[in-house]
Structure formats: C-alpha cells, structure tokens
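J.: Listed below are the residues making up each chain.
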Amino acid sequence: MDQSVGLRHDGSRMPAVVARRPSPIAWLIAPALLLFVLFFVLPFAVMVAMSFFSSNPISNPNAVLTTRHYQRFIEDNAGIFHDALWETLRIGLVTTAVSLLIGYPLAHWMARMQSRLGHALALMAVITPLLTGIVVRTFAWMTILQDKGVINTTLISWGLIDKPLPLMYNEFGTVVALVHIYVPFMVLTLIGVIGRIDQRLEQAARSLGAGRLRAFAEVTLPLSLPGILAGSLLVFALSISAYVTPSLMGGTNVLTLPMLIAQQVGTSFNPGFAGALGVILLTVSLVIVVAYNRILARVAGEQGLA
Amino acid sequence: MTTRHPFSRRGLLRTSAGLAAAASFGAPSILHAETKTLKITTWGGKWGDIMKATVLPAFEKEHGCTVSADQAFPFVPKLQVSPKNDPLYDVLHTNSNEQWLAVVDGLVMDKITAKEVPNVADVYPYAVSDKIVGVSIFTSAIGLGYRTDKDITPPKSWKDLADPKLAGARGGYLIPVNSLGQCHLMMLGKIYGKGLQDLDAAYKALEQLKPIKLVDFTGQMEKMLLSAEVVEGVIHDSGVYRYEGANRQPVDFCSPSEGVMALEQVLNVAPGSKVKELAFAYIDYMLRPDVQKLLAEGVWYSPANKKVKLEAKYDAKLLTTPEKVATLIQPDWKWYNARKDDIDARVTKILKG
Amino acid sequence: MSTPLNKQPFDLGKTAYLGLNLLLLAFLLAPIAIVLVFALNPTPYISFPPVGVTLRWFVKFFETGDFMRSLWLSLWIAACVLVLSVVIGGACALALARGHLPGRAFLTAFFMSPLMLPAILTGLALFQSYLLSGIGRPVWGLIMAHTLIAVPYVLRTTLAVLHNFDRRIEEAASVLGASPVRVFFEVTLPLIQPGVFAGGVFAFIVSFDQFPVSLFLVVPKGETLPVVLFNYMKFDLDGAIAAASMVSILLALAVVLVLERLIGLKAYVKL
Numbered sequence: 001m002d003q004s005v006g007l008r009h010d011g012s013r014m015p016a017v018v019a020r021r022p023s024p025i026a027w028l029i030a031p032a033l034l035l036f037v038l039f040f041v042l043p044f045a046v047m048v049a050m051s052f053f054s055s056n057p058i059s060n061p062n063a064v065l066t067t068r069h070y071q072r073f074i075e076d077n078a079g080i081f082h083d084a085l086w087e088t089l090r091i092g093l094v095t096t097a098v099s100l101l102i103g104y105p106l107a108h109w110m111a112r113m114q115s116r117l118g119h120a121l122a123l124m125a126v127i128t129p130l131l132t133g134i135v136v137r138t139f140a141w142m143t144i145l146q147d148k149g150v151i152n153t154t155l156i157s158w159g160l161i162d163k164p165l166p167l168m169y170n171e172f173g174t175v176v177a178l179v180h181i182y183v184p185f186m187v188l189t190l191i192g193v194i195g196r197i198d199q200r201l202e203q204a205a206r207s208l209g210a211g212r213l214r215a216f217a218e219v220t221l222p223l224s225l226p227g228i229l230a231g232s233l234l235v236f237a238l239s240i241s242a243y244v245t246p247s248l249m250g251g252t253n254v255l256t257l258p259m260l261i262a263q264q265v266g267t268s269f270n271p272g273f274a275g276a277l278g279v280i281l282l283t284v285s286l287v288i289v290v291a292y293n294r295i296l297a298r299v300a301g302e303q304g305l306a
Numbered sequence: 307m308t309t310r311h312p313f314s315r316r317g318l319l320r321t322s323a324g325l326a327a328a329a330s331f332g333a334p335s336i337l338h339a340e341t342k343t344l345k346i347t348t349w350g351g352k353w354g355d356i357m358k359a360t361v362l363p364a365f366e367k368e369h370g371c372t373v374s375a376d377q378a379f380p381f382v383p384k385l386q387v388s389p390k391n392d393p394l395y396d397v398l399h400t401n402s403n404e405q406w407l408a409v410v411d412g413l414v415m416d417k418i419t420a421k422e423v424p425n426v427a428d429v430y431p432y433a434v435s436d437k438i439v440g441v442s443i444f445t446s447a448i449g450l451g452y453r454t455d456k457d458i459t460p461p462k463s464w465k466d467l468a469d470p471k472l473a474g475a476r477g478g479y480l481i482p483v484n485s486l487g488q489c490h491l492m493m494l495g496k497i498y499g500k501g502l503q504d505l506d507a508a509y510k511a512l513e514q515l516k517p518i519k520l521v522d523f524t525g526q527m528e529k530m531l532l533s534a535e536v537v538e539g540v541i542h543d544s545g546v547y548r549y550e551g552a553n554r555q556p557v558d559f560c561s562p563s564e565g566v567m568a569l570e571q572v573l574n575v576a577p578g579s580k581v582k583e584l585a586f587a588y589i590d591y592m593l594r595p596d597v598q599k600l601l602a603e604g605v606w607y608s609p610a611n612k613k614v615k616l617e618a619k620y621d622a623k624l625l626t627t628p629e630k631v632a633t634l635i636q637p638d639w640k641w642y643n644a645r646k647d648d649i650d651a652r653v654t655k656i657l658k659g
Numbered sequence: 660m661s662t663p664l665n666k667q668p669f670d671l672g673k674t675a676y677l678g679l680n681l682l683l684l685a686f687l688l689a690p691i692a693i694v695l696v697f698a699l700n701p702t703p704y705i706s707f708p709p710v711g712v713t714l715r716w717f718v719k720f721f722e723t724g725d726f727m728r729s730l731w732l733s734l735w736i737a738a739c740v741l742v743l744s745v746v747i748g749g750a751c752a753l754a755l756a757r758g759h760l761p762g763r764a765f766l767t768a769f770f771m772s773p774l775m776l777p778a779i780l781t782g783l784a785l786f787q788s789y790l791l792s793g794i795g796r797p798v799w800g801l802i803m804a805h806t807l808i809a810v811p812y813v814l815r816t817t818l819a820v821l822h823n824f825d826r827r828i829e830e831a832a833s834v835l836g837a838s839p840v841r842v843f844f845e846v847t848l849p850l851i852q853p854g855v856f857a858g859g860v861f862a863f864i865v866s867f868d869q870f871p872v873s874l875f876l877v878v879p880k881g882e883t884l885p886v887v888l889f890n891y892m893k894f895d896l897d898g899a900i901a902a903a904s905m906v907s908i909l910l911a912l913a914v915v916l917v918l919e920r921l922i923g924l925k926a927y928v929k930l
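Residue numbers (my numbering), protein chains in the order written: chain A, 1 to 306; chain B, 307 to 659; chain C, 660 to 930.
Only true hints are included.
Result set (DMTMM-like, lysine to aspartate or glutamate): computed pairs, CA atoms no more than 20 Å apart in a straight line:
# : chain 1 : residue 1 : chain 2 : residue 2
1 : B       : Lys-646   : A       : Glu-75
2 : B       : Lys-352   : B       : Glu-550
3 : B       : Lys-456   : A       : Asp-162
Listed next, the stretches of chain C that the computed footprint assigns to chain A, with coverage defined by at least 3 CB atoms under 8 Å from CB atoms of chain A:
# : segment
4 : 686-692
5 : 737-749
6 : 854-861
In short, the hints are calculated from the structure, not lab data.
Positions of the beta carbon are idealized from the N, C-alpha and C atoms, including for glycine.
Assemble the whole structure, with the sequences as input and the hints as a guide.
T.: What follows is the structure, given as structure tokens:
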C-alpha cells in the first residue's frame, strides 16, 4: 500500500518534505466515511456473511456455515467460472483502452475549443448517450448491429457483403455498446484536467523546435496523466460491473461475472453464491486498480496519483 | 371505452351474491375502520395496464382494501430476505418454476384448495396438478413461432427447428434465466431421447441447434420474430397471437405435434401473511370468470377456469376445451430445480464459442 | 504565429483532427438517432427502415400516469443526489488531496469500490440491510443508495483536477493574509470547479439512469423511470419506451443547461 504521508518524493525531483500530520482539512472526509460505513460497509458485510452460509439464514433456519460457495468457484468443475472472470477483466481492459483512444481526442478538442457555443453543443452531444436509458440504448445498438440491423442490411443491399457480418452476439458488440456509454465518462473526466494544462507550455515546447506531436507527447500528455488515470479507473470499474449490456449484446458467446451474479440473484435465488462471486470480483478488481495506480504513479514519477 | 368494461355494477352484485365465501372474506375487512393492504406481485406491460386500470380498483372497491402491486423484478429474492412473519408480499405471482424454488424455503404455501379458494373447484386439472405449487390462473402454450413471409415451411414438429436452413436464424431462450428456455431443453430430451428428463439427449440436441439466438426476457422473442432477426423460434402462443387483428404481422404460431409445454401464471400465498383471508379472496377473484375473460382477451392467455366463455376469435386459438388443454405438458420443476446449477453450467459450456 | 510556409501541413492536420472528432461524435449520437426513429415509427416493434411518422408513442407516454409520475420522481431524486454527492464527494476529495491522511491510496480505492461491485449486489445488500434494520424502503433510503454510487464519480473527477493544481496559488493567498476559509472559497473552489462540475453531471445522470440498485429499493407506485421502463419493456417493447427516452434526454439536457447557467461551463473553455 502506498504509505506516503503528505508529499512523497521519488528521486531528487523535489526537495524532501517531512511527513506531515493530518491537517484539519482531513476532517472533510467524515461525511463520506459515514455514508460509506452505513450504506456500503455494513450492507456489504451482511452480504459477505451470507456468502458463508449454505442458504439464506433469514428465511431458512437450517442454514449452516460453509465455504462451499467459494470452493465452487475455485474448483470450477463445470469450467465456466474462471473463464467468466477472465472474460470480465478482458472486456473491462479492452473497453477502457478503446474508451481512452476515443475519449482523449474528444476531450482535447473540447478543452481547447474557443467557441462557447461549439463547446456547449459538443458537451451536449457527449452527455446525450448517458441520458438515453440503459436498456433503450442497448436496444438501439442491437438494431444497428444485429444480422438484420442497420449496418448489415445496408451493406447487403449495396452488394458489398452477402452474409451478415458478426457484429453482435459476441464480445465485439458488447465492447462497442460499453464503449459508447463509457466514453462520456472518459471525456468529462479528461476535459477538466486537459483544460487546466497551460497551453503556453506546449507553445513553449514548440518554439524550442519540437514538432506538434512531440510537443503534445512530451508536455500535454504527461500533464494529463491524472485525468487518464481517473477516467480509465472509472471506465474499468464500470465495465467490469456491467451486466445488462453484455447479457443483451453478447448472446450466448459472452458470459461475465456480473451476468452470473445477476443469474444467481434473479433466477437461481442463491444470494450466498452471488455474494461470493461479488467478493471475488471486487477483490480482483481492487488489486488491479491499486496496481494500476502504482504503475502509473511510477511512470509519471510523481507521488501517488490515487 | 371505460363505460363498457365488464365490471358493471350488475356483474359485481351478481358475483358477490353468488359467491358467499368470497363475500364473507370481504365483509369483515369492510367493517373494520382501518383499510387493510394486500401486497401482491404482478407483471408489467399490457397485463399490468389492465390490472391497474380495472382489475385491481374493482377488487379494492369490493373488499374495502388497498392493493399494493409490485412490478419490479425479481420478486423471490426480495421475499427471501423479508421476515417470514411479515412477508414483503401476501400473494406471489410468478411462473411455475419460481414457485417451486420459493416453496423450498417455505416462502409460499405448497397447496391451495377449493376450501380456501372456492373457484379452484372450477379449474382445469393442470392448474392444481402435482406439477404446481399454488394455483395456476392462466397458462400459455410454449411452441414454435415463425415468419410467414420468409419462404420457410411452416413447422409441424419440434424437430423442424433443427432444419439446417435455419442456422443463425433460429431462436430460443437463455436456459439459465428463462423458464421457456428450460422448457425447451426438457422438450429436446423428450423428442430426441427417452423423455423430458433425458438430459444427455437434450444436451446433444442443443449442440445441433447451434448457431441459435437466445434471448433473456420473455417478451424479447416476439420482437426478434417481428423484426425478422429470428425466422423461427421457441415462443409462447400469447407472444404471437397478440399481434393479430388490428396490426396484423407476418408471424404465426405452431403447436408442435409432440405437444406444447405449459407456461403457467401461478398465484400463491405467503404462509406468514397477515391478511391471509384477503389473499385467498384475491386469488378467488382472479379465477372468477369475468376477471379471467377480461385478462385472457387482453393478453391472449388461456384461462384456467373451465367456465370462462371467450369471444370466438380467442376461443379458436386459446386452450379452452378439455381436449386442447390435454396437449399441455407440465414439466417437473422440482426435479429440474434440483439440477439447475449443473444444467446451467453444462448448457453455458455447450453454447459458448 | 506561424509562417505561411508551414501553414499548409498545419491546416491539414487540423482538418483531420476536426474530422476525427466529428466522426467520434457521430459514433456517440448514432444510437440516439435510432431511438428517435423508434419513437416516431408507428410499428409496435423496432424496425428498420422506418415505415412512417407518428406521435402516438409520445401521446402514450404522456397519457400513462406511471411514466409521468416516475419521471418526476427520478428527476427529483437525481437532483437530491447531485447536491448530496457534490458536497460529500467534493469534501472527501479535498480531505484526500490536502488532509495528509495516512493510507491515502487505500482510502481512494475504498471509495471507488461501489463502482466495481455489480450494482445488483449493492441493491440486494442495501435492501437486505434496510429490511433487517426495520427502516423499510423510504425514498431517502433510495437517495442515499444513489448517493453512495454517485460519490465515487465526484471524488475521481475532483481529485484529478486537484492533482494538477498549483498549490503555490493557495500558498500565495495565505501569505498575503487570506484566512483559510477565504482561500478555500476564493481560490480553491473556483479552481476545482470543473472537476466538481463534471462529477455533479455524472452524479445527476448516474442517479437518473440507475437501474439495478433501484430495482430492489423502489416501492409499488414509487418506482423510478428506469424501473418502470424496464418492467414495461420486459413485456411490451414498443415506441413508448423510445418516446420516454427522448423525453428524458430533453429534460435532462435542460437540467444540464440550467446548471451551465448557474455554474457556467466556460470554466471548461478557458482556464
């Protein structure tokens, strides 16, 4: 764990700063802590406790303590749970990377835009996908990507293809729909950060003879790392916990952990196993998030960006 | 339109006079000063519209109570968490498989008889058979839906879904999450193997159906058929018939020769309910011929009450005679649910990749 | 600024850059165009190409009591969540960035965790706790649940801005004799505003669009719009759903515009 107190310094870039005691500002964390303890830690603790019972101890007095839900995942006799975990993480990583690739140019463009009207319009265009409603939006994507969808119908009628392209019922369709909904999160997070980077720094680099791309790569990009970090963490967290989109877009070819959890809760009525799967997913993703934080912090050569 | 709904004053008077038992359930609650609340679950969509517009208000009026109808799935997990002596729902409305899962935890009663609910005396045998916990108030038939404009031979048998020409254009339901999918799997065991419980034959047959488009929600298959994304698929009759008439669509329903599977709408009472009498009265009310007719014609469900007389248009298509009802096959959900986890894992593995 | 000689490739790059971004915007808006087509298409299912234009689904939406009631409830809840999460999340971000708290990385990851847990589990866990503790399912319980999910967004976006923040500005203000409170309101707050604003927009939208958590916490006749829409379309997927979607897009954009008037998005444009 990053045990930096106050400013930590790597190498010799900054003068050593003595570790400081928590300042009065630290008290501002109190409302958030209270909220999380009451509405997250306690309910989650009940759920974790449930994951060690054979069935719901509230409705079934015969429930006994067991680790069988975890064993069921670890042993994975049917050979689907480990694949589902890996698939969840893979979809999360790909979605995050693609969202960053799409979101960064948009955010950069918007942050540097001079026209206020243009900015407002672009901002509305970016926010609109978030307002469509999750299921309606997914159905719209199905209409675009399915075998008789907009793209395949058009391409077939133009004679470009004679069999529909496999755009849906697979990981591709899932990622497209996830990226669509998570790009706005990436853009809005990045705009704030890129907008705060002093444009004169880049201009200075260019006046020193750096090309446009090089000035960007050496000045703007490193300075926007905190935004990249924040945005990718948001998108990653969101895409590994999504279940409506993968279950509608993925068909039978995609099975993620959140889909399994939803099945266990909603149709197998096994909250114990669902809770166990949730604990596993949360643990794995926290490890990834902390590792990512540290790696990026090291790359940036700065104090913990987290 | 509202002036012509079947809940006429006369109808209410007639039925409340005719059903002494129902009246005796209702009367005490009217006498009490405070109004009782009956907590139920119900479906959304068109069914929910009819319930909220006519069926429930009439019941409230008749019994001097209020009905709180929850449409937000999933119902059983919520009931599971709520205390047994103060359950979240008094009446649970689900498909049959979920009732069987709920009864294991003691969340619902195992049998409902004509003693508690007089109208049970008038239902077809399937509605209270040993394959049902609670009482089925309606049923749909699970068979095959198909496009009439895509140049395919109208199916006659369940086996027709395996026609190689339908590769990628056939449809069904996700087996772990939808009971239509589970019914289809058991049917595969019956037609390709030794019976509904021949899972090995069913798995083998499922493998042969790939590539197949499987959907999650019950209402989704009709959309797949209507948009021709699926040309032939597993569906319940209601999902096809309800598009006939005014906006006639090029889809039709086939009851395969091997028989249709039953998709029952089951009502059941939570044992710890504090308004048990009212809960029974509600089930009785839902089985009443006038209520049954209204809902059956609204959403094309076959009524469980033998005495219901539907308009000719509905009568022709729905299961309204003992002979037609005899084509229904009811799966053994107790048997299925005991194996659900293994089946889910197995079919997931088969269908993936 | 630049000489005519290197202006030519410069402009080409700029045009390509503009084209790329417009293409990306088109990707974001394509499904919305489809939703609009559904909303206006007379058939009771999604079809392409459309067969005509009708307003019947909008009429149905406005005539259905459930839709309208849940729409207002959702907007009201989202507004409460916006205020609560901006205050709680903003304060938390400041504490994490400036409070010299031990275990900062751990705390930050901890505050992110509601996002990583599939929301259906969060919903079930909260539902369970509410019932066990006997508080039932009041609206404030739903608001707190949404706030829990919204705070991480505000926290992340605000932290990101705080990180690039030149502390010397604050220090200069203190050196010049400003009280810590004044430094906060006159220096810190305006500077972190873009992050807080982005977080606020997220909070509003996340609450407005929240479905799996609400599923467990809503009560009959007190359902939020996504829950009503989902229940409706599980059985009848017709244009009313698309009309609902268009209406909520317009309403929520109006809210964002009001926010823009109140707070000012120009903070984004020039900083």
